Amino acid sequence: MPDTLPAIESSLSARNLAAGYVSGIEILHGVSVDAVPGQIRCVLGPNGTGKSTLLKVLFGFLKPSTGEIRSGPTVLTGVAPHAMGRHGVAYLPQRPSIFPFLSVEVNLRLGAWSFRRRHADVKRKIERAYAQFPILGERRNQTAGTLSGGQQRQLEFARSLFPEPKVFLIDEPTASIEPRITAQIYELIRGLARDGKAILLVDQNIKGALGIADYVYVMRTGSLYTEGPRTEFGDDVELLVSQWLYTHHAAKTA
Amino acid sequence: MLDYILIQAANGLVIGVMFALIATGLTIIFSILKIVNFAHGEIYMMGGYFGYYVITLLGVPPFPAVLVAMAITFLFSIGLERGLLTPLYSPRIERKADYGILITFGLSVFLRNIAIILFGPFPLRPPSFIEGSLAVFGGLMISYDRLVAAGGGLLLLVALIWFLNRTVWGQALNAVSQSRESASIVGINSERMYMLAFGVGGALAGGAGALIAPIYSLSPSMGLVPDTQAFVIVILGGLGSVSGTIIAALLLGISQNLFIALLPDPSRGPSYANAFGLFIMMLVLLFRPTGIFGRHAVAMD
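Going line by line, the protein sequences match chains C and W. If you're matching positions, the first sequence starts at 333 in the working numbering and goes up one per residue. If you're matching positions, the second sequence starts at 844 in the working numbering and goes up one per residue.
Nothing false has been slipped in among the hints.
Between beta-carbon pairs, the in silico distance windows are:
(1) C/A507 to W/L998: 44 to 54 Å
(2) W/R1009 to C/E496: 22 to 32 Å
(3) W/L997 to C/R347: 53 to 63 Å
(4) C/V354 to W/F1006: 35 to 45 Å
(5) W/G902 to C/H451: 38 to 48 Å
(6) W/P1113 to C/P432: 39 to 49 Å
(7) C/R449 to W/G994: 30 to 40 Å
(8) W/L997 to C/Y353: 42 to 52 Å
(9) W/L967 to C/V354: 47 to 57 Å
(10) W/L1106 to C/Y353: 55 to 65 Å
(11) C/P405 to W/I1135: 55 to 65 Å
(12) W/E937 to C/A507: 28 to 38 Å
(13) C/E470 to W/S1098: 42 to 52 Å
(14) W/S971 to C/Y353: 54 to 64 Å
None of these hints come from the bench; they were simulated from the model. Quantities reported herein were computed from a predicted structural model and do not represent experimental measurements. Every residue gets a Cβ at the ideal spot worked out from N, C-alpha and C, and that includes glycine.
Please work from the sequences and hints to get the whole structure.
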């Protein structure tokens, strides 16, 4: 384990998670990760290694067969997804989790579901979202499904901030999004970290993710292959990629 | 002749509004719980009997009795949902659509027979909302009860549209129907929405039963025909679309009554009424499988 980072208390920690969709077939075999305030921690790895499954398990969509998820002293293993917001965890899945047939404004209102009775608060937060993302304000009465991919991501980001979560689980935020918007989205994620949020980012866009990551987990076929601070991996992204690609390849041909 | 057609169209409108109440409930349950509720006609029947006994045993006047019947049907439906449908939400049940069909079909047979035991097989008729008839179109009459049923039904439909579009609970129902995953990401507890959807759907059917009782009387098998018609309407309206369902219900009610009216032998008309609806459904399924107002395909999962 690297000791170059100062010991910081993590906002969400998972130990030894094992899980699968069908009983008897495990996709994760004993994975341990931490989300740390102010840090962007990136989970990398080839397709089908269980990166997305890991986030689903962390958010409660899939129950781990073994292992534990905690937020400080609170055990979150087995907590239903709809209750995760109350524990300060937000999840942004690969496909934007917006409601395509509801208007942008109603999408935002639903983002305030957990505090829907505090009307002034809801209104203030929606106005703030419009100020931060003017395009959402312009299109407030349009159905969310008519927004572009990048705008849907903005809507989802704006909405996810409403309950003021401490931890963000983000899955492939730039998948199928035009490159111009990609940089904006990474900048958004960086901004969250600057505000002290703990980010766990799963990404296929290795260059983009490493550009903002503080810490890297590399997964291979359901378990952690290696991990360490971004600086430890050096600046040679190609090396990292070829490293796990090579070992992956070697494991397959062995 | 024109008078006759107009009055038949007016009658069709009354029936259409009743169809709309039943079918919107069915479509709300379908789009939220993703099951076809085969017991929906029986919940409509129960609502009618609840209204009858609230009037005759508790002495509640007919108008508030409709609301009381709806409240009882709401709670009754939630009881059924909690007791019978919770296995649908468990990951252990794999063939959820099959489970839904079997359990609601069984429930429909059960409720019909329990009604025979509890309420008796003979038709019961609660007191009129308002006695008498309104003379319209030169000598032809339309009873006040029909006007009350249509007016009350339209009010309920307006209230429903307001609830679904303007309240945060209605919007949450809509959200769950679009994506359960996204709904739980924003913190909506889907199970509470299933309860609400089944309760609201049941209350609408129960309201229809209570409104129509003075016109057609109550019998344990009264739910069978409207149930079939409601399936036709839900498909016509595009599964899951509430406004499409309302429009389809009004169209079917009116066109069906005109069909009866214009049949050369009017005495045989009513026997063909159901066939007419099913014939329309076959045409729609052949030429527009997503329904007239369908917005997207709905997967059973």
